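For the protein sequence lines, the chains are A and B, in the order given.
For the first sequence, this note's numbering puts the final residue at 385, and the numbers step up evenly by one.
For the second sequence, this note's numbering puts the final residue at 135, and the numbers step up evenly by one.
There is no bait here: all hints are sound.
Covered stretches of chain B (in silico footprint by chain A; criterion: 3 or more residues with CB under 8 Å from a CB of chain A, positions within the stretch not fixed):
no., region
1, 51–62
2, 73–79
3, 83–96
4, 99–112
To be clear, the hints were calculated from the coordinates, so they are not data collected in a lab.
For clarity, every value in this text was computed on a predicted model and none was experimentally measured.
Beta carbons are placed, not taken as given, at the ideal position from N, Cα and C, and that holds for glycine.
Single-letter residue listing:
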Amino acid sequence: MTDVIIAGIGQTPVGEHWEISLRSLAVKAMLAAINDAGGLRPQALFVGNMLAPAVSRQAHLGDLLADFAGLTGIEAVLVEASGASGAAALRQGYLAVASGAVDTALIVGVEKVTDYVGPEVDAALATASDSDFEAVQGVTPAALAALLMRRYMYEFDVPPDGLAGFALTAHENAAGNPHAMFQKAISLEAYQQAEMISEPLNMLDVAPNADGAAAVLLTRSDLLPRAYAQPQVKIAGSALASDTLALHDRSDLLAFDAVRISVEQALRRAGLTREQVDFFEYHDAFSIYAALSLEASGFAARGQGWKMAQDGSISRTGSLPCATLGGLKARGNPGGASGVYQAVEAAIQLRGQAGTAQVANAKVGLIQSLGGPAATAVTHVLQTV
Amino acid sequence: MEIPRHWRLKQQRYSLVGETCPHCEAKIFPPRDVCPTCGGEAKTQYTFSGKGEVFSYTTIYEAPSGYDETAPYTVALVKLEEGPIITAQLTDLGDQPVEIGMPVEMVTRKLRSENEDRGILIYGYKFRPVLSRAA
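Taking the hints into account, I'd like the entire structure generated from these sequences.
Given below as C-alpha cells:
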C-alpha cells in the first residue's frame, strides 16, 4: 500500500479567543494546512468537534467549514467521538486516502468553548457521559476522573502528590511551544498547593478547556507536488477502539481496555513494536488518564504508570518523552480539536522542527486521543519516511 | 422539559430494577437486554436490593448547571451486593467521613429541578450510610 503522508499542518494558538468565531478558528487552521502542503486541494473534509451544537448553537459543521474555506462542492462531514472527535476524524480521513476513495483529505479539529461560562460548559461536557445514569447524578468528566484517581491511589498506595510529574512535565515542555496556552514551567510546590476541584483531583491535574483549531492535509506519497519541500511524515498505523460508555459498567475500571486494544492494533498495522516508539502524545485531559494510558498502552506495569512521571521517564530526555509540546495539560485542551493538535505536534517533532522542544532523533511517534474515560480510544502511529 | 425521558426511567430511578441473565446469571444494571458478561439475550427483570459499598468517591464543588444549588455534593461509585457498580450521589452523611468500603443503602431523593418556575422535579436513587449494622 502506498504511504499516507501528512503533507500539510496548521494550527491556531490554544487559549481564550474571545475575538475569533468557531468558523474563523477552523478556517485559519485549514488554510494554513493547505498552504503548508504547497497548495494541494482537498477532495474531502473531515471535521472533529464535540460541543458546537451545545455551546455555539451550530451543527452541520462539515458543510459550514467547507463553505467558509472556499471548498464548496467537496465531500464534507462532521465526526463526533467526544474528546476523541479530532482523532476519529483523522482516522476517517486516513481511511479515505488509504483506500483510494479520495486523493487528498483535509482534517480539521475545532473547539470553541469560551462563549459560555463554566457550569454551562460542564453540563455540555457531561452529555458525553451516560446522560441517564451518570450525568443525571450531577457527575462531570472531572468528577469521573477524580473517582478513578481516588481508586487508583487507594489500590496502588500512591502518595498525595504522586501524579504531580504529569503536570510538571507538560508545563516544562510547553515552554517550547509558541502555540501553547501556558508556556511556563510550574513547581512541585504549586502542585501541592493547587486548589481542589474534586478530591483528590486538583486544579493542576486538569487540562484547561480552551478554544483552538488544528488541521492536517493527507495525501498518498505518489501524489505529492513535485516541489514539496517538507520532510515526509506518514501515518503508519491507525486504530480506534470502544469501551463501555459509562465508567461504572467496566469490569475493571482501571484497565482502559480501549487504549490497550487501539495501541496493539495501531502498532501491528504499522509493523512496529513499543520499543521503537520515540515519543508518546497521550490524552492528559486529567493526570490520572495519563497514568492509566501509559499502563494500558504497555509502557508501564499495572499501578506503576505514575512512577514514569516521578522518575523522569516521560521528560524530553527520558526513555519515553510524553506531552512533548505541552500535552492537553499545558498546550490546552480544545476538546474535539485535541487529537488533531497531537497529529500536528507529532509531525513537527518528526520533521525536526520543534526547536527547543525537539525530541532528539525522533522517527516514530505514537499519538492517542480519548473520548470520556477511554470510552473511545484512537491511536495513530506517525513515522518519518 | 423532557418528561417522557425521565418517566421511562421510573423503575430504575425509584426501584433499581435491572435484569438478570438467564444464561450466565449475571445481574445487570441498568437494563440493556443484552448481557454484558456473556452476550446472550437478557430480558428477565431483576430488582436489586439497594445494598452496596463505596468503591470510590469524590466531592463536586463546581457543579454543572442544574446542580449548582446543591453543591458541594459527594458522588460515589457504589458496588452493589449483586455485582454491578453504579454512579450515585451520597446523602445523609452528616459529619461521617466517607471511606472506600463503607456500606451504603439506596434511598430516593430529589436529584434536580428542571428550570426554576414550572420545571419538573427529578427524583431518583442516592445512597446513604447503612443506618443499623449487625455487629
